[in-house]
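Visitor: Each chain is listed here by its residues.
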Amino acid sequence: MKSFYYKTFQRDSKVYLSRSSSFLGPIVFFLITITLYPLAFGSDEEKLAELSAGIIWISILLANLLSHQFIFNEDYKDGSLDLVLASGKSLFLWASIKIFVNWYFSSLPLIFLSLLTSFMLYLPFDAALILALTLFLGTPILSMFGALAGALTLERGNIVGSSIVIPMCLPALILGILAIQSYKNEEVFFYIFLLAAFLFFSIPILIASCLGAIRLHFE
Amino acid sequence: MRQLFNQLISFPYFFKFAQISFPYLFLLSIFVILFGVLWGVFFSPVDATQGEVYRIIYLHVPAASVAQSIYYTMVIASITYLIWRIKMASVFMISMAPLGAIFTFLALFTGSVWGQPTWGTWWVWDARLTSTLILLILYLAIISLFSSFDRRSSTDQAVSIVVLIGGINLPIIKLSVEWWNTLHQSASITLSGSSIDNEMLIPLLISILGFYLYVTAIGMRRMQVEILKREISHSWVKKIFKESR
Numbered sequence: 000m001k002s003f004y005y006k007t008f009q010r011d012s013k014v015y016l017s018r019s020s021s022f023l024g025p026i027v028f029f030l031i032t033i034t035l036y037p038l039a040f041g042s043d044e045e046k047l048a049e050l051s052a053g054i055i056w057i058s059i060l061l062a063n064l065l066s067h068q069f070i071f072n073e074d075y076k077d078g079s080l081d082l083v084l085a086s087g088k089s090l091f092l093w094a095s096i097k098i099f100v101n102w103y104f105s106s107l108p109l110i111f112l113s114l115l116t117s118f119m120l121y122l123p124f125d126a127a128l129i130l131a132l133t134l135f136l137g138t139p140i141l142s143m144f145g146a147l148a149g150a151l152t153l154e155r156g157n158i159v160g161s162s163i164v165i166p167m168c169l170p171a172l173i174l175g176i177l178a179i180q181s182y183k184n185e186e187v188f189f190y191i192f193l194l195a196a197f198l199f200f201s202i203p204i205l206i207a208s209c210l211g212a213i214r215l216h217f218e
Numbered sequence: 000m001r002q003l004f005n006q007l008i009s010f011p012y013f014f015k016f017a018q019i020s021f022p023y024l025f026l027l028s029i030f031v032i033l034f035g036v037l038w039g040v041f042f043s044p045v046d047a048t049q050g051e052v053y054r055i056i057y058l059h060v061p062a063a064s065v066a067q068s069i070y071y072t073m074v075i076a077s078i079t080y081l082i083w084r085i086k087m088a089s090v091f092m093i094s095m096a097p098l099g100a101i102f103t104f105l106a107l108f109t110g111s112v113w114g115q116p117t118w119g120t121w122w123v124w125d126a127r128l129t130s131t132l133i134l135l136i137l138y139l140a141i142i143s144l145f146s147s148f149d150r151r152s153s154t155d156q157a158v159s160i161v162v163l164i165g166g167i168n169l170p171i172i173k174l175s176v177e178w179w180n181t182l183h184q185s186a187s188i189t190l191s192g193s194s195i196d197n198e199m200l201i202p203l204l205i206s207i208l209g210f211y212l213y214v215t216a217i218g219m220r221r222m223q224v225e226i227l228k229r230e231i232s233h234s235w236v237k238k239i240f241k242e243s244r
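For the record, the sequence lines run as chains A and B. Just so we're aligned, residue 0 is where the first sequence starts under numbering that gives the first Met the number 0, counting upward by one. Just so we're aligned, residue 0 is where the second sequence starts under numbering that gives the first Met the number 0, counting upward by one.
If you're looking for bench data, these hints aren't it; they were derived computationally from the structure. Where hints are given, some of them may not hold.
What the hints assert, rightly or not - Here are the computed distance ranges between Cβ atoms for each label pair:
#1 A:53 - B:82: 35 to 43 Å
#2 A:214 - B:119: 45 to 53 Å
#3 B:15 - A:65: 48 to 56 Å
#4 A:39 - B:180: 19 to 27 Å
#5 B:112 - A:39: 27 to 35 Å
#6 A:72 - B:9: 48 to 56 Å
#7 B:82 - A:72: 25 to 33 Å
#8 A:48 - B:121: 29 to 37 Å
#9 B:143 - A:121: 47 to 55 Å
#10 B:47 - A:196: 54 to 62 Å
#11 A:121 - B:47: 46 to 54 Å
#12 B:201 - A:43: 52 to 60 Å
Unchecked claim - A few chain A residues facing chain B, derived, Cβ under 10 Å:
#13 167
#14 169
#15 171
#16 187
#17 191
All C-beta atoms, glycine included, are put in the ideal place defined by N, C-alpha and C.
All chains, full assembly: derive it from the sequences and hints.
Guide: This is the structure:
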């Protein structure tokens, strides 16, 4: 007998794999945003190298928030969210699994892609590795904030949700960029540890507030 | 003490209390603001390095101080609402958020007017300016939440969740923005003492006090309006309107 949580994990993964739009959507969005920057700023190598870390981080932030808004939407519409709430299972674990699966299928590919695109934007290789590391620590934060935005605006998905959480994501963006900028000296570890601290600090708070936000639709 | 608290969080009592105390508080606040600002503008000494320009401090610092304090009081209200479900707390948050946005904007505006002659630009991407701008965005985002739910209780809960997360996050944002960049002169008044001369400090403190009184008065008025909106069908509201007619 497989547990409820394992089944949630399996089901969500299958849904992701069977639908091209849900995992290709963020990738396409990410690639097109990356392409927009050289088109807008010109293809000057030095200028792009200076901007590239910021470009990649901003594109990932936007792609993440867009894709994570709909984590709980389907469950809300087909009524399974009611059943989960009524079942008495640990909602915390359930929500964590859902967010993790979403992160695995929509953010992890972007992290690997960002390594490729960093060469297209002339970022030095060492800095690109740091970039991937900061993204690895930073994208779960963005996913959780995106899930919170989605949970707040379950009834009608609108721009309000993402405009609320973008200002809250700023520490992740700033710490990530600072780490990449100081990739040559020791300070890089300082920022990376801070980013990790921000991640572990926000896991319990954000998931708990996600659950609070979900519950307010069933009061 | 406990009884007083219980009375103040009940809508009819608070409404009456605010109705009586608003005119006094409002006039007092106007008087104190005028006193502090006029003293500062006309009678306090000229700054040695910045000249006459510095006098905008008597608007800038109070506005910035009020803008931040409103957010922190909103955080306390959100915790109160999430734990004890006191409706007055959500009324407080919903009526204070627009005030906070206005004062944050005022702080940014006076700051940029001050920055033009002293720094030479209207706007710099400095740590404090940026975090104040983020505070403004946060206020506006909270205000935009007000109308995105059908039920009143959902709005209250959503607003308090966002205010609380923002409150936890705001110090982190401030710190990270400070690592990012800093140019602004550091805070002149701290709890341990101040680097300003007394001749300038006293009018400044008076105008800060005046701004706080003003916000309290207007905030109470706004809360009254919010209470009326919620309780419009209750008998005590109808009674008040009959009496006033």
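Visitor: Is it true that residue 47 (chain B) and residue 196 (chain A) lie within 54 to 62 Å of each other by Cβ?
Guide: Given range 54 to 62 Å: violated, Cβ gap about 43 Å.
Visitor: Should the hint that residue 121 (chain A) and residue 47 (chain B) are 46 to 54 Å apart at their CB atoms be regarded as holding?
Guide: About 49 Å separates the Cβ atoms of residue 121 (chain A) and residue 47 (chain B), which means 46 to 54 Å holds.
Visitor: Have a go at the residue 187 (chain A) hint: is there a Cβ in chain B nearer than 10 Å to its own Cβ?
Guide: violated (13 Å)
Visitor: Does the beta carbon distance between residue 53 (chain A) and residue 82 (chain B) stay inside 35 to 43 Å, or does it fall outside?
Guide: With a Cβ separation near 40 Å, residue 53 (chain A) and residue 82 (chain B) satisfy 35 to 43 Å, so the hint holds.
Visitor: Cβ-Cβ distance between residue 82 (chain B) and residue 72 (chain A): within 25 to 33 Å?
Guide: holds (29 Å)
Visitor: Just to be sure I understand the hint, the distance between the Cβ atoms of residue 39 (chain A) and residue 180 (chain B) should be within 19 to 27 Å; is that true here?
Guide: Hint holds: Cβ distance 24 Å, inside 19 to 27 Å.
Visitor: Has the hinted range 47 to 55 Å been met by the Cβ atoms of residue 143 (chain B) and residue 121 (chain A)?
Guide: violated (39 Å)
Visitor: Using 10 Å as the Cβ threshold, decide whether residue 167 (chain A) counts as touching chain B.
Guide: holds (5 Å)
Visitor: Given residue 171 (chain A) was flagged as interface, is its beta-carbon under 10 Å from a beta-carbon of chain B?
Guide: holds (9 Å)
Visitor: Looking only at beta-carbon atoms, does the pair residue 72 (chain A), residue 9 (chain B) fall within the given range of 48 to 56 Å?
Guide: violated (39 Å)
Visitor: For residue 48 (chain A) and residue 121 (chain B), compare the CB-CB distance with the range 29 to 37 Å and indicate the outcome.
Guide: holds (31 Å)
Visitor: Under 10 Å, Cβ to Cβ, is where residue 169 (chain A) needs to be relative to chain B, so tell me if that hint holds or is violated.
Guide: holds (5 Å)
When the structure is compared with the earlier hints, violations turn up for hints 6, 9, 10, 16 and 17 and for no others.
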